[in-house]
Amino acid sequence: MNENSSGLAILGHKDYRSEYKPVWCAGCGDFGVLNALAKALAALEIPPHEAAIIAGIGCSSRIPAYTSAYGFHGVHGRALPVATGLALSRPDLTVIATGGDGDGFSIGGNHFMHACRRNVDLTYLVMDNAVYGMTKGQASPTTETDWTASKLSPQGTHQMPLHPLEIALATGAPFIARAFSNSPNELARMIAEAIEFPGFAFLQVLSPCITYRPEQLGYKKRVHAGFEPTADRTEAFAALAADDGFSTGILYRAPRPCFAPDHSGARTLEAIAADFEVVP
Amino acid sequence: MKPGEDLACFLAHAVVLEDEAASRYDELADAMSVHRNREVEVLFRQMAGYSRMHRDEAIERARAHAGGLPKLKPWEFSWPASESPESGEMSRAHYLMTTRHALELALAAELGALAFYQHIADHGADRIIRALAAEFSAEEAEHAEAIRRWLATTPELPEGWDQDLDPPVEIE
Numbered sequence: 008m009n010e011n012s013s014g015l016a017i018l019g020h021k022d023y024r025s026e027y028k029p030v031w032c033a034g035c036g037d038f039g040v041l042n043a044l045a046k047a048l049a050a051l052e053i054p055p056h057e058a059a060i061i062a063g064i065g066c067s068s069r070i071p072a073y074t075s076a077y078g079f080h081g082v083h084g085r086a087l088p089v090a091t092g093l094a095l096s097r098p099d100l101t102v103i104a105t106g107g108d109g110d111g112f113s114i115g116g117n118h119f120m121h122a123c124r125r126n127v128d129l130t131y132l133v134m135d136n137a138v139y140g141m142t143k144g145q146a147s148p149t150t151e152t153d154w155t156a157s158k159l160s161p162q163g164t165h166q167m168p169l170h171p172l173e174i175a176l177a178t179g180a181p182f183i184a185r186a187f188s189n190s191p192n193e194l195a196r197m198i199a200e201a202i203e204f205p206g207f208a209f210l211q212v213l214s215p216c217i218t219y220r221p222e223q224l225g226y227k228k229r230v231h232a233g234f235e236p237t238a239d240r241t242e243a244f245a246a247l248a249a250d251d252g253f254s255t256g257i258l259y260r261a262p263r264p265c266f267a268p269d270h271s272g273a274r275t276l277e278a279i280a281a282d283f284e285v286v287p
Numbered sequence: 059m060k061p062g063e064d065l066a067c068f069l070a071h072a073v074v075l076e077d078e079a080a081s082r083y084d085e086l087a088d089a090m091s092v093h094r095n096r097e098v099e100v101l102f103r104q105m106a107g108y109s110r111m112h113r114d115e116a117i118e119r120a121r122a123h124a125g126g127l128p129k130l131k132p133w134e135f136s137w138p139a140s141e142s143p144e145s146g147e148m149s150r151a152h153y154l155m156t157t158r159h160a161l162e163l164a165l166a167a168e169l170g171a172l173a174f175y176q177h178i179a180d181h182g183a184d185r186i187i188r189a190l191a192a193e194f195s196a197e198e199a200e201h202a203e204a205i206r207r208w209l210a211t212t213p214e215l216p217e218g219w220d221q222d223l224d225p226p227v228e229i230e
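Chains as they are written, first to last, in my numbering: chain Y, 8 to 287; chain H, 59 to 230.
So that you can see chain H by itself, here it is in the shape it has in the complex:
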């Protein structure tokens, strides 16, 4: 079953997309906490909070539109790539990453979600799914725009941002 073909399946994808985004932001925040990168940790926690808020909204919509959600195993979801599209890419994380890096990671995640919903809005099997997907796509576009505005007010990377006087990468 594909999210563009069945309403309950589509809504299950919408809920898990936000839930996994929140989990990933939490993981990234934890990683930054371990490395004492407080500024970026706070930003990722904030993102995790937004994702949870959006997940709860998706759950409400699922209740309103479908009554219940199918219980799918993680590998039964049909994502465009190997993970849900709003999960920030863990391999882009770095212990010295700055607010700018974190926002760029978040922007890529929002754009991934936007593309996912837009594809269903354009190609979904029925009118209700297409309409909901268009609505979700518009919301993701708003989120992406908010992050772009945030990025515009974020200082460019200072020279030497990645310098560490005691680097862990000294290979012995």
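So that you can see chain Y by itself, here it is in the shape it has in the complex:
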């Protein structure tokens, strides 16, 4: 470990990893996300004790355990409410909510929309593999209509896949981006930008599930740089209309005031108690 000019320890990305070994399938895209997250925190020199990683349930939601930052592996679909509460009560922390597409867009879908419009200063990383992997391969909200590999949907899902970036843009998220887990250095850059963004930053990470969606190994050939950052919603919607689902980059970046209640006038417990008459 080195020191910077102020005498503080300079941490490498390995300092952000815990002693626990990931139990993900060998070859899982989530390894790349873990790697990139550690690199981003190291590059920004955010000490582990000043960061908190909050997750729901699912394969990717195990990520807090594999880092040395504070972590909370909570309730299915509820990463964002927990992260919101933490970010509001501890604005000194760097708060990063993480999870998968099932956790974030199905059971947590409602929270996602409101987090976008509320704009609390936190980062939300969704590792999207378009499948429920932990429960052995069912269709998720982002699964393609014609995916027939699951016994639960042998004739396809009969439902349109949800487009997370479109929802994020429509509901007011001020920072919206997409990245690919197989490019951990580029992903680290985008995570760092998301963390530094003052407000709710949503990053969809295409993260192949090699076990239940082995065809996603072909993402390498399909992913391409495509988005140019804009602060114009009309331009961003136009970019999404032309998107093939594999464009990467920052789609939209338009800072606006964060939701941050002013607690300066908060009353003490004693003052509140004085308003009440205690009747014996």
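It is worth saying that the hints were derived from the structure and are not from the lab.
Since the structure is predicted, the reported quantities are computational estimates derived from the model, not experimental observations.
Among these hints, one or two may not hold up.
Only pairs whose alpha carbons sit at most 30 Å apart, straight line, appear in this in silico DSSO-like list of lysine-lysine [to be verified]:
1. Lys60/H - Lys21/Y
2. Lys129/H - Lys21/Y
3. Lys131/H - Lys21/Y
4. Lys131/H - Lys60/H
5. Lys28/Y - Lys131/H
6. Lys60/H - Lys227/Y
7. Lys228/Y - Lys131/H
8. Lys158/Y - Lys143/Y
9. Lys227/Y - Lys28/Y
10. Lys228/Y - Lys158/Y
11. Lys158/Y - Lys227/Y
12. Lys228/Y - Lys143/Y
13. Lys129/H - Lys60/H
14. Lys28/Y - Lys129/H
15. Lys227/Y - Lys21/Y
16. Lys28/Y - Lys143/Y
17. Lys227/Y - Lys131/H
18. Lys143/Y - Lys227/Y
19. Lys60/H - Lys228/Y
If you anchor each label on the Cβ, the simulated ranges turn out as follows [to be verified]:
20. His56/Y - His177/H: 41 to 47 Å
21. Glu214/H - His56/Y: 50 to 56 Å
22. His181/H - Asp22/Y: 33 to 39 Å
23. Ser96/Y - Trp208/H: 53 to 59 Å
24. Ala139/H - Ala249/Y: 24 to 30 Å
Backbone N, C-alpha and C define an ideal beta-carbon position, used for all residues, glycine too.
Got chain Y sorted already, so can you dock chain H onto it with the hints?
Okay, now just chain H, sitting in the frame of chain Y:
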């Protein structure tokens, strides 16, 4: 700044190339450990050890040639592809992979590093960078040759190597 244009930048690339290779081998070994694939885990640990040894050698050379290294962010490195070229490709890993698969993955990683150094040896901006790159390239060629020899003594894949009586890929 590109590694072929600046000596300190080149040496920073050389150190990180080996460091990231070691990290990836550690990750692969951990993944094999989780899946109780002990034989391949041991091989990846061995590879990680070699990479760390080479990283330490690169650090020594960096001290001798450049005095210090620039502090670059991960995305400021200039690699031919999305990762440093000696990082074994994670998506090639499989819980049932054999020693042969692991060696093939390692060989691809060594050849990636060799191509990286050879390109700089051929096109580097100054004589010292070209000479160092040629030296590193020759070392990577030796590593690749060692793995090829190892592969030559490794049994071919047995029939049914990928059979699992309790497969996780039974989609429900």
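Hint numbers the structure violates, sorted upward?
none
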